[in-house]
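**Student:** We have chain A; now place chain B onto it with these hints.
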Amino acid sequence: MSAGNIAVEPQVDAAPPPDTGPGLRRYAAGALFLLPAFIVLGVWIVYPTVYTIIRSFFGLNGFNKFVGIDNYKTLFTTSTLTTAIKNNLIWVAVVPACVTAIGLVFAVLTERVRWSVAFKTAVFLPMAISAFATGVTWRIMYVQDPNLGAVNALGRAVVQVFKSPGTLSDATPSTSNVTGTAQTGMTLQTPLKPGSVALIGLTGIPPTEVPASAAQAVQPKPVPGHISGVVWRDFKPGGGVPGKVEKGELGLPGVTVQLRNSEDKVVKTAAAGDNGVFDFGVVTPGTYKAGISPGTFAKPWAGFAWLGTKLITPALIIAYMWIWAGFSMVVIAAGLSSMPRDVLEAARTDGATEWQVFRRVTVPLLAPVLSVVFITMIINVLKVFDLVITLAPGSSQNAASVIALAMWRTSFGGINDFGVGSAIAVFLFLLVIPVLLLNVNRFRREV
Amino acid sequence: MRNRWARRAAACLVAVPLAVLAFTSTGSGATRSASAACSASGSISFDGVWTGAEATAFGAVIKAFNKVCPKVKVNYKPVGDNLPTVVSTAVAGGNPPDMADIAQPGLVAQFVAKGALKPITYARTVLLANFSPSWIALGTFQKKVYGLVFKASNKSTVWYNVTAFKNAGVTPPATWPQLLKDASTIKASGTPAFSIGGADGWTLTDLFENIYLRQAGPVKYALLTAHKIKWTDSTVAAALKTMAQVIGDSANMAGGTSGAVQTDFPTSVNNVWESPPKAAIVLEGDFVPGVATVKSSPGTGYGEFPFPSINNSPPEVEIGGDTIVTFRDKPQIEAFVKFLATPAAAAAWAAKGGFATGNKHMPASVYPDAITRATASAIAKAKYVVFDMSDQQPASFGATVGQGEWGLFQNFLRNPSDVSGIQSQLESAAAAAWKSGK
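First to last, the sequence lines map onto chains A and B. Residue 1 is where the first sequence starts when you use the working numbering, and the numbers rise one by one after that. Residue 1 is where the second sequence starts when you use the working numbering, and the numbers rise one by one after that.
In isolation and in its complexed conformation, chain A is listed as follows (with noise of 0.2 Å):
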């Protein structure tokens, strides 16, 4: 934690001495200036920091037990910790390079479209709200069931232009006669010849699925050289017997009966009617079965798992980047708009084409502004903690944990081991310091 206040606090280190001048006095009240300061930083900081390394050498009841690299070894040997810490990894890769040239698109484009001001408010607009309420919203988002999370139910609004779900999505078959699944489609097993009356009994079919004009179900009588037969819900209250037509079953209409030839071949199709009775009138005599495509037992597209632990780090990374876009274009754009214009229309008169001005001119100018962004987000990507605690379920979080995460899970989640959590805010520390030294370089040479 105190990691991350040092580094946005580097300039204070760094403070020139007063002017030179003689006189015990003026050092007096040179030193009373900066006693604020130092106050602010000793408690706040150096104590804090002081305070965690040792502690960190320390076992779980206090001061009680040295237990030397303990808590470092535990760190390293721990699975869910070095899960956080190869997570952290993947954050660091990814998130900086690319909040920085998304960035840096939106700040050339806008600067190139009529409504730049909306624009830019709208990708700024996520970084006015707190981390908090953004893994809150995510999750939300994020859940998937397309009913209900909004960004499956776009990827359902895609899916469906190309296939649409079937008529009865959660049918199964209700006997061993009838085999198959709901994506091979089913088929009546029973061997039916001209004059055979095909039994088609399916269940799990929630009362809404069945159409309105359903009515009881009934076993057709055989017709000399035809073959017919019933598609129905083989289910009453309390189950019934299964493969018997009984009272309270209903018809499943609409659904195609197929029929297939000895070499699989469908060689007719019939329509259930309302009582789900289906004839595919006269066949020539052979052996054939009754079957129905798995067309009509499509399901609807069921969604990605962003909440799973497969894809939870990537959805993680994208509400993040989400947020800090907004941040990253308008420093990138405040960069663009103090640049100076006539070198691009140099460019421009020396028949460089846009690509290259962009490419050869704009980004090396930009060059400083794009490595502030990109050192700011690689600190906040180390110490990103919140998103990820609000927008994991718990049965994610260790697939989704980061180091600061794991941090604040060993010391305050239950474990209370403030011995290993300070062992983790240590091994943050000194991750966040080479980081810290690169920015703090930079403000030397700025200044």
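In short, the hints are calculated from the structure, not lab data. Ideal Cβ placement from N, Cα and C applies to all residues, glycine included. Hints are all accurate, no fakes.
Far from chain A by the CB rule (all over 12 Å, computed), these chain B residues: (1) Lys71; (2) Leu128; (3) Thr175; (4) His227; (5) Pro315.
Within a straight-line C-alpha distance of at most 30 Å, the following computed DSBU-like cross-link-like pairs (lysine-lysine) qualify: (6) A:Lys299 with A:Lys268; (7) B:Lys435 with B:Lys230; (8) A:Lys244 with B:Lys166; (9) B:Lys166 with A:Lys299; (10) B:Lys241 with B:Lys230; (11) A:Lys244 with B:Lys181; (12) A:Lys244 with A:Lys221; (13) B:Lys114 with A:Lys65; (14) B:Lys220 with B:Lys144; (15) A:Lys73 with B:Lys230; (16) B:Lys118 with B:Lys71; (17) B:Lys228 with A:Lys65; (18) B:Lys143 with B:Lys220; (19) B:Lys330 with B:Lys118; (20) A:Lys65 with B:Lys435; (21) A:Lys236 with B:Lys166; (22) B:Lys143 with B:Lys114; (23) A:Lys236 with A:Lys247; (24) B:Lys181 with A:Lys236; (25) B:Lys181 with A:Lys299; (26) B:Lys143 with B:Lys435; (27) B:Lys435 with A:Lys86; (28) B:Lys181 with A:Lys247; (29) B:Lys295 with A:Lys236; (30) A:Lys247 with A:Lys299; (31) B:Lys230 with B:Lys114; (32) B:Lys166 with A:Lys247; (33) A:Lys310 with B:Lys241; (34) A:Lys73 with B:Lys435; (35) A:Lys120 with A:Lys383.
**Tutor:** What follows is chain B alone, placed relative to chain A:
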């Protein structure tokens, strides 16, 4: 987490203000207590987890106490869910409150081990008169009674959607095989039978514990709770296999396996409360109705039945609850503890709702509605009452998101066929947690 839901649920139930009538009529029951003549005076400081409506309800209990002991002033401080931290700090600083109520039996055991608590053996007579031995055992640590579980919630309840049961033509089952048979009938009717809130690991441990209690019996339950038998024991394997009969059939859970893992507890309740329901049954405690955000009414919308018996197990109830403990010995504290064990004390809160007690002599008619009456009186009638097992484990094993029991049971939900694998993982996590004591 669980306590928060229980609490929120309670807060919702407290809407029924028929308190006064009920408790004057049962006030005569107080003669069963030992506090006929109360000479104690002075004040008591009491830190509690109950806030809001619950604190008000406990105020009614204090008021009832002051009818018996008018000269004792109880200063109740509603601390809330931070109570463990607050009281632990106060104990460490040498200045604990006189009394406290604690939701975690593990913390009570810790205080006992530190010697911070005073036994309440002086209340023996009134405890024995009003509670079953298994109830008194909940407050017994190191062979002495240190606490009284005053307020409990029944975690051995099952909730169902009435329309879904009607469509499927089934009635609430009394035994486990019946439950499974009903479940497959419900599935055939087109509604998945079970709604599992797998994103919150504790809903899964509750299900396991209810099965284990009935299948392996209360003795084994106590041994496993104390980690005296290993998680690799054959009884655990048997219970996990029974559990897999519910969570192993992806097609019979709302959202299938992957949906169940991502469903949090409130959503799992709403799945059953909705119309048409996404599932017919949710297996959780008496705080379920208070968590639902979908409107539904008891009797016509949803119903409740006790967790089914397995292999002819007698009525058994798993509870969560708040234990009242004392940090000092004073006459006024003694008087209050004795009073809290009487039916009058229980009735004062029970009439306000969101409360259940194991007090045998508090008439069930005090409970404000039929469902509370059923779930609460099941506790008093049960042959065995046990405390939530995971609540009694070291926190890293029993109460940490994504780790220990919670995390491993979620893995089991993802892959219910790997019984022995999950057993060995549970055992190594439990062994590590018990060894380090955290």
